[in-house]
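Asks: With the hints as your guide, set chain L onto chain P.
Number of protein chains: 2
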Amino acid sequence: MKHSRNLLGLIEALRALPGVGPKTAQRMAFHLLQEGRPGAHALVAALGTALDSVHRCARCRMLTDEELCSLCASQGRDRSLLCVVESPADVVAVETSGSYQGLYFVLMGHLSPLDGIGPDELGARDLALILAEGGVQELILATNPTVEGEATAHYLSELAHAHGVRASRIAHGVPMGGELEYVDGGTLAHALAGRQLVS
Amino acid sequence: MKHSRNLLGLIEALRALPGVGPKTAQRMAFHLLQEGRPGAHALVAALGTALDSVHRCARCRMLTDEELCSLCASQGRDRSLLCVVESPADVVAVETSGSYQGLYFVLMGHLSPLDGIGPDELGARDLALILAEGGVQELILATNPTVEGEATAHYLSELAHAHGVRASRIAHGVPMGGELEYVDGGTLAHALAGRQLVS
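Sequence lines, in order, name chains P and L. For the first sequence, counting from 1, position 52 maps to 117 in my numbering; every step adds exactly one. For the second sequence, counting from 1, position 178 maps to 243 in my numbering; every step adds exactly one.
Looking at chain P on its own, in the form it has when it is part of the complex (with noise of 0.2 Å):
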């Protein structure tokens, strides 16, 4: 079947968005033709507006229009830590959990050499600025538990150490409501590894 050159420029575009192959990108491509048209107009100018608006926070890094980020520029948050984190959506995740109080500091990505991304490209100098100001006490490395994100933290707690400040690492382990049968060795050495005395 031969789309039409637009509908084939609409359904290649879609492809652009993560996890969408070209049968799904077909699916909205009609969707956004037939009974989505207003859905579609809305979208071509939000996405117009973010585009153009929407950068990375002066001081965390995180998606914003604005200069500073909604968390950096309140006031009721605790200035002492920094939680740092690979991605905008660790942020999210870490928010709604609603056990966290400090600022943040996104990363957007990990180390990853072969990749060209060394400690410039997350932003490691502004980093080391925020760290250099004084006020963190404590700089939580929440990157993920993968090799880079392994890597990555290290890299930072030595930064970290080298302006006087302490790093923690979040802990890794059995997920809540998980079963021990079925988590992987690793989690679980983890979860061994960091076992606590209980009183």
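Heads up, some of the hints might be wrong.
[Said to hold, decoys possible] Each pair of labels, with its calculated beta carbon distance range:
#: 1; chain 1: L; residue 1: GLU131; chain 2: P; residue 2: SER139; range: 49 to 59 Å
#: 2; chain 1: P; residue 1: SER177; chain 2: L; residue 2: LYS88; range: 47 to 57 Å
#: 3; chain 1: P; residue 1: SER139; chain 2: L; residue 2: GLU186; range: 44 to 54 Å
In short, the hints are calculated from the structure, not lab data. By construction, the Cβ of each residue, glycine as well, lies at the ideal position given by its N, Cα and C atoms.
Replies: Here is chain L on its own, set in the frame of chain P:
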């Protein structure tokens, strides 16, 4: 987590896409505003162009940029066969099967009186005009095997008969590769009722 206004606007707008919930929309937005920026610009352009230029084929109501879609404009199709389907995706599905050389008529829906969708909304008048031309010898009813699809097929078969055109319904039965054990009763009933003598 309160996102800034335009970022939130983009996340909401992405929910216009079929099958996209709040979490996927957020993931898409973050992707489009970070590593996916070139693709995002291309998507704005392609969607804008498609919204302006893609409309329904003047003859079969398939989505196309042209006056006539590539199938209706083609000289190599059998114009005595007209296959009626509910959506453009159905045209693609039948074309992909490679087993049909006739033309199509796309209803863009099915009869649904409660939603205000009657014959006029499905282009029944355009279809009647095509049948009145006299070239079509068989109207193949390939609407979905749902209550609405069956009702639509029934209505269209009467329309065909009124124009002296033969109407046929595609076969429903056990799908190829399917196992009888796991096929639902309605499908099995159709498969039995539609049984054919083997020679």
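Asks: Hint by hint, where does the structure go against what was stated? Just the numbers, ascending.
Replies: 2
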